[in-house]
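Asks: Model the placement of chain W on the given structure of chain C, informed by the hints.
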Amino acid sequence: MILFAMMLVFAAGCQSESTSNETAADFPERSIDIIVPYAPGGTTDTSARALASVASQYMPNEVEVNVINKAGGGGVVGTTEASSAKPDGYTIGMTTSGPMTIKPHTDNTAYNPDTLKPILQVVGTPNVLVVQADAPWEDYDEWFEYVSNNPEAFSYGTSGAGLTQHISMEAFTAETGAELTHVPFEGGAPALSALLGGHVEGALVQTTEALPHIQSGELRPIVNTGTFKPEELADVPLLTEKGVDVQSDVWTGLVAPEDTPDEVVQILHDVFKEVLEDEQVIETFENLGVSTSYAGPEDFYEIIKQDYDINGDVLKAAGIID
Amino acid sequence: MLTQILQPQILVLVFMGVLLGIVFSAIPGLTATMGIALLIPYTFALPELAGISMLLGIYLGGMYGGAITAILIRTPGTPSAAATLLDGYPMAQNGEAGKALNYATVSSFIGGTISCIILILIAPQLANAALQFGPAEFFALAVFGLSIVGTVSGKNVTKGLIVAGIGLLISTIGMDPIGGVMRFTFGSSNLSSGVSFIAALIGLFAVSQVIKEVETKMKSAHQKVKYRRHKLAIKEVMSNWFEFLRSAIIGTFVGIIPGTGTSIATFVSYNESKRFKKPEKKAQYGNGTPEGVIATETANNAVTGGALIPLLTLGIPGDVVTAVIFGGLLIQGLTPGPLLFQQEQDLVYSLFGTLIIANIFMLLIGLFAVRYVGKIVDVPKNILLPIVVTLCFIGSYSLSNNLFDVWVALVFGVIGYLLEKFDFPLPPLILGIILGPIIEANLRRALIGSGGDLSVFMTRPITATFLLIAITTFIFPLLKKAWYIYKAKPSMESDLKS
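First to last, the protein sequences are chains C and W. The numbering of the first sequence is the numbering used here, which starts it at 1 and goes up by one. The numbering of the second sequence is the numbering used here, which starts it at 1 and goes up by one.
In isolation and in its complexed conformation, chain C is listed as follows (with noise of 0.2 Å):
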């Protein structure tokens, strides 16, 4: 058992430095490791390990996927190495909307939007504010009213500071010129609990944390700040359907060091355009509640560079960067 732990541990350790050179035309050769930039165990992980399960059924030669957790720096630390690893192929990053489009204006990140090559987008999921359902706000409109004529008195919760829920949020002030007081937590958990138990009046989380206490009929959701509406909320209305020009999804994609060959990204987007389209893969993201949300590298692209702008206009507005 004891060796059993070991060489899981020196698993996670090992990668294998390649001393050949291959060409595109026969990628890949050996396996290939997704660098995953946060702990085991989370969404972003589980996804990976979801799609690394049935990965090489669909590569050429059938190699394997490994998975490897690269934790620290909300994401920062994984997602350098990604974009300085051996630009091959071999080693991929599986990253999110924060590292790859906050974090660079906030911590002096040594890649940018256009030092990785994106692969494809993976998973969209939009955030949604909630409040108490014994709430005196019914729907929007109500809530609009309110936070317009009561400057601060409306405190949310979110995960944290300078994350896509609070970005959406500063946007929604600027662009509306309501007040509200904003009340960071570590994650959309404690966030959910201080609203449950009545710490703060409302609180920004992605959809599918917010789901089933929305469905247990604890919470009720007033709107929704992503681009799309999921299936089980379809009621809820978007933040640019109210005429308020804000909207950022919790995004998580596969992208590769700037120097990539093109022929390589290529083939690895097939591969993994058709793992999105794997029963297995379907069935892990319904239970995960995530949406998968497709895009191509061109597509993914323009997703990241537009975020980033956006958030850095934002940051910069609510006094957060110089």
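Keep in mind that the hints were calculated from the coordinates and are not lab data. Here a beta-carbon is modelled for each residue, glycine too, at the ideal position from N, C-alpha and C. Be aware that one or more of the hints could be misleading.
Said to hold, decoys possible - Listed below are several chain C residues computed to face chain W (Cβ distance under 10 Å; list not exhaustive):
#1 T106
#2 H166
#3 H182
#4 L288
Replies: Just chain W now, kept in the frame of chain C:
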């Protein structure tokens, strides 16, 4: 229900889970969280009950295993065992490794079982109590935790306070939890989420111990500790029934409050165990008293039942481990939360059943293993120390596959060595690092909520109570000391006159 639980497949998986949890948590740097995360993909294919039972087995075993290495080689395999080494390691050095391990095993079993019974009986009622904890309450609880510094400082409280202050300062490294601004990171993204707590723990206790051992070895011939076998008598256990019960209840209740974690539970339990003892008995704490081991090990396993309460009834994972279990449940198509109890009652109660079985397996594995692992203290130091160092570094690296954490362990090893050399106690440092972020973030959250009004800490009953206990805990020993000095004074004066 019983026939469901007693299927051979379930029993084997629970057994494997407990064993794996013990091994993972005993090895520094490998945690039960990692064990669960790595095994979740294998549970994809298992039936619901089987898959989740296995994960719960790892969780339970993971709370216990850390005690083994904490007691034997002063290397807490997990943060939950950090307080166990306060008395566990001295016991082993007094030749009582067997006794310490037996007590740890039985305590873990009793703690786990009592909390499981509480979980079964009153889970939904308690869950709502947990929600009463807002920022102000978390702040007060953490301040109460910090007031324990006096208890774990040993002889010199002033030095303990200095060290706790250093711990609080270390905890400010990284991203400011409220403003999102970087502090003391020197532009390194490795530090932007702060110093890795487990790496620091490994460094402070294990690496520093190795440096110390090497030093003594150079100076003098090493005295050898001989392992004595210890046969656990039921009478011994029964005579400590109150110790077990109190610690189990503390562990369960701290476990229920989301976001507090096992380390706090163990330190609070340790403090309460010492609080009402006679002065002679108090002096034994930290020098190897079995009650110290009982208090911490009962409490950390009692956290399991407690932490499952908000997870299963509200869908709120209180810490990293339960967050990973949350993911495991989702993958099985089960959404923890109020609906789970209504829709899947059978399954939920079967899970409770497997928890009890997992506790029994833990007891059996522990009592069986003590006979063999206890002999580690007999291993010559020149063989043991290199192994410990290797384990420390592999462990720190594997936390997030980052070489930076190995440096953290090394630097904290030197810090730990220097502090102990100059008689500064280490536990307050740990308290500072654990509690600093909770105190800071929640103080600021509470003040954001109240618009900067400090009265929020006096008007809320739970908050006020905790703060009051904290002040008493901190001031009372000082007053007592002042009283003794005051009483002693006249006689001193008369001595001078005569």
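Asks: Was the hint right that L288/C lines chain W, CB cutoff 10 Å?
Replies: At 5 Å from the nearest chain W Cβ, L288/C passes the 10 Å test, so the hint holds.
Asks: Hint check: is the beta carbon of H182/C less than 10 Å from a beta carbon of chain W?
Replies: 8 Å, holds
Asks: Does the nearest C-beta of chain W fall within a distance shorter than 10 Å of the C-beta of H166/C?
Replies: Interface hint status for H166/C: holds (8 Å vs cutoff 10 Å).
Asks: Per the CB criterion, is T106/C less than 10 Å away from chain W?
Replies: 7 Å, holds
When held up to the earlier numbered hints, the structure conflicts with none and fits them all.
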